[in-house]
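Following the hints, put chain B in place on chain A, whose structure we already have.
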Amino acid sequence: AQTVTQSQPEMSVQEAETVTLSCTYDTSESDYYLFWYKQPPSRQMILVIRQEAYKQQNATENRFSVNFQKAAKSFSLKISDSQLGDAAMYFCAYGTYKYIFGTGTRLKVLA
Amino acid sequence: GAGVSQSPRYKVAKRGQDVALRCDPISGHVSLFWYQQALGQGPEFLTYFQNEAQLDKSGLPSDRFFAERPEGSVSTLKIQRTQQEDSAVYLCASSPDGNQPQHFGDGTRLSIL
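If you read the protein sequences in the order shown, they are chains A and B. Counting from 1, position 90 in the first sequence corresponds to residue 90 in our numbering; the numbering is continuous, with no gaps. All you need for our numbering is the position in the second sequence, starting with 1, plus 1000.
The shape of chain A in the complex, shown without the other chains (with noise of 0.2 Å):
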């Protein structure tokens, strides 16, 4: 079957502190792309960040990078310099035209 899970339900962190967000996925797929989505109160899915599943380099948007490991299917998203506005929910995603989505992670962010 294809699932995601994100681990932690729930995450904290201090205002311009680094964190860490998990995700692992299970595919047979060879090519794919995997992405982390934003989701606040307002409920639009908001795009962070994508990877291709056959680049090896991991993909960065100004404070958020992903850091991808293919065998051991694994996708986390890294947080630099926090700010009140990331707080949100974040789900990991992977698929091509289809996204399998997490469960997510709420992310808190504290001044």
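It is possible that some hints are incorrect.
Said to hold, decoys possible - With a straight-line cut-off of 35 Å between C-alpha atoms, the simulated DSBU-like cross-links for lysine-lysine are:
| no. | chain 1 | residue 1 | chain 2 | residue 2 |
| --- | --- | --- | --- | --- |
| 1 | A | K55 | A | K78 |
| 2 | B | K1078 | A | K70 |
| 3 | A | K98 | B | K1057 |
Said to hold, decoys possible - Short, incomplete list of chain A residues facing chain B, as computed with Cβ under 8 Å:
| no. | residue |
| --- | --- |
| 4 | V13 |
| 5 | F64 |
| 6 | Y97 |
Stated by the list, open to error - Which chain A residues stay away from chain B? Per the calculated CB distances, all over 10 Å, these:
| no. | residue |
| --- | --- |
| 7 | M11 |
| 8 | E29 |
| 9 | S30 |
| 10 | Y37 |
| 11 | S42 |
| 12 | N62 |
| 13 | K70 |
| 14 | A72 |
| 15 | K73 |
| 16 | A87 |
| 17 | T96 |
| 18 | G102 |
| 19 | T103 |
Calculated directly from the structure, the hints in this document are not laboratory data. Here a beta-carbon is modelled for each residue, glycine too, at the ideal position from N, C-alpha and C.
Just chain B now, kept in the frame of chain A:
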């Protein structure tokens, strides 16, 4: 519009009623997707359109769920004879093609009483 637009934002219906949820994708986006997000869960795939063709409907939970996109732009998700377990947020997403990242709307929160 600039983003994916969904309406209504909230819908309350009595059990057994039919409901229709609308999605207006980003202009020019070929691919359109529907997801169902239960409370405290991640979104789950329902169906996928490329233009007006429904290429994958494997996630639709029952034959009470029906989606269409007759002219390849606006899409409607219809749920017939609603049941309490249909209560969820229904998210629509679009992308320029099937391999580009999906852009999501704000969703419709459906509550069945």
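Do the hints match the structure? See the list:
1. Using a Cα cut-off of 35 Å, the hinted pair A:K55 and A:K78 holds, with the two alpha carbons roughly 18 Å apart.
2. Our distance criterion of 35 Å between C-alpha atoms is broken by B:K1078 and A:K70, whose separation comes to about 39 Å.
3. Restraint check: the Cα-Cα separation between A:K98 and B:K1057 comes to about 11 Å, which is no more than 35 Å; the hinted pair holds.
4. Look at A:V13: its Cβ only gets to about 21 Å from chain B, farther than 8 Å, so that hint breaks.
5. Taking 8 Å as the C-beta cut-off, the interface hint given for A:F64 is violated, the closest approach to chain B being about 14 Å.
6. A least Cβ separation of about 4 Å between A:Y97 and chain B falls short of the 8 Å threshold, and the interface hint therefore holds.
7. Every Cβ of chain B is farther than 10 Å from the Cβ of A:M11; the closest lies at roughly 16 Å, confirming the non-interface assignment.
8. Residue placement check: A:E29 keeps its beta carbon more than 10 Å from all beta carbons of chain B (closest about 13 Å).
9. Consistency note on A:S30: stated as away from chain B, and its beta-carbon is indeed over 10 Å from all of that chain's, at 15 Å minimum.
10. Listed as outside the interface, A:Y37 is inconsistent with that label: its C-beta sits roughly 8 Å from the nearest C-beta of chain B, within the 10 Å cut-off.
11. Residue-level check failed: A:S42 sits 6 Å from the nearest beta carbon of chain B, not beyond 10 Å.
12. Remark: the non-interface label on A:N62 is consistent with the geometry, its nearest Cβ contact in chain B lying 16 Å away (cut-off 10 Å).
13. The Cβ of A:K70 sits about 19 Å from the closest Cβ of chain B, beyond the 10 Å cut-off, so the non-interface label holds.
14. Here A:A72 stays apart from chain B, with its beta-carbon at least about 21 Å from theirs, past the 10 Å limit.
15. No Cβ of chain B approaches the Cβ of A:K73 within 10 Å, the least distance being about 17 Å, so the stated non-interface status holds.
16. Against the 10 Å criterion, A:A87 stays outside the reach of chain B, whose nearest CB is about 17 Å from its own CB.
17. At roughly 7 Å, the least C-beta separation between A:T96 and chain B is not larger than 10 Å, which violates its mark as non-interface.
18. Not every CB of chain B is more than 10 Å from the CB of A:G102 (nearest about 5 Å), against its label as outside the interface.
19. With a least beta-carbon separation of about 5 Å from chain B, A:T103 fails to lie farther than 10 Å from that chain, contradicting its non-interface assignment.
Comparing the model with each numbered hint stated earlier shows that hints 2, 4, 5, 10, 11, 17, 18 and 19 do not hold.
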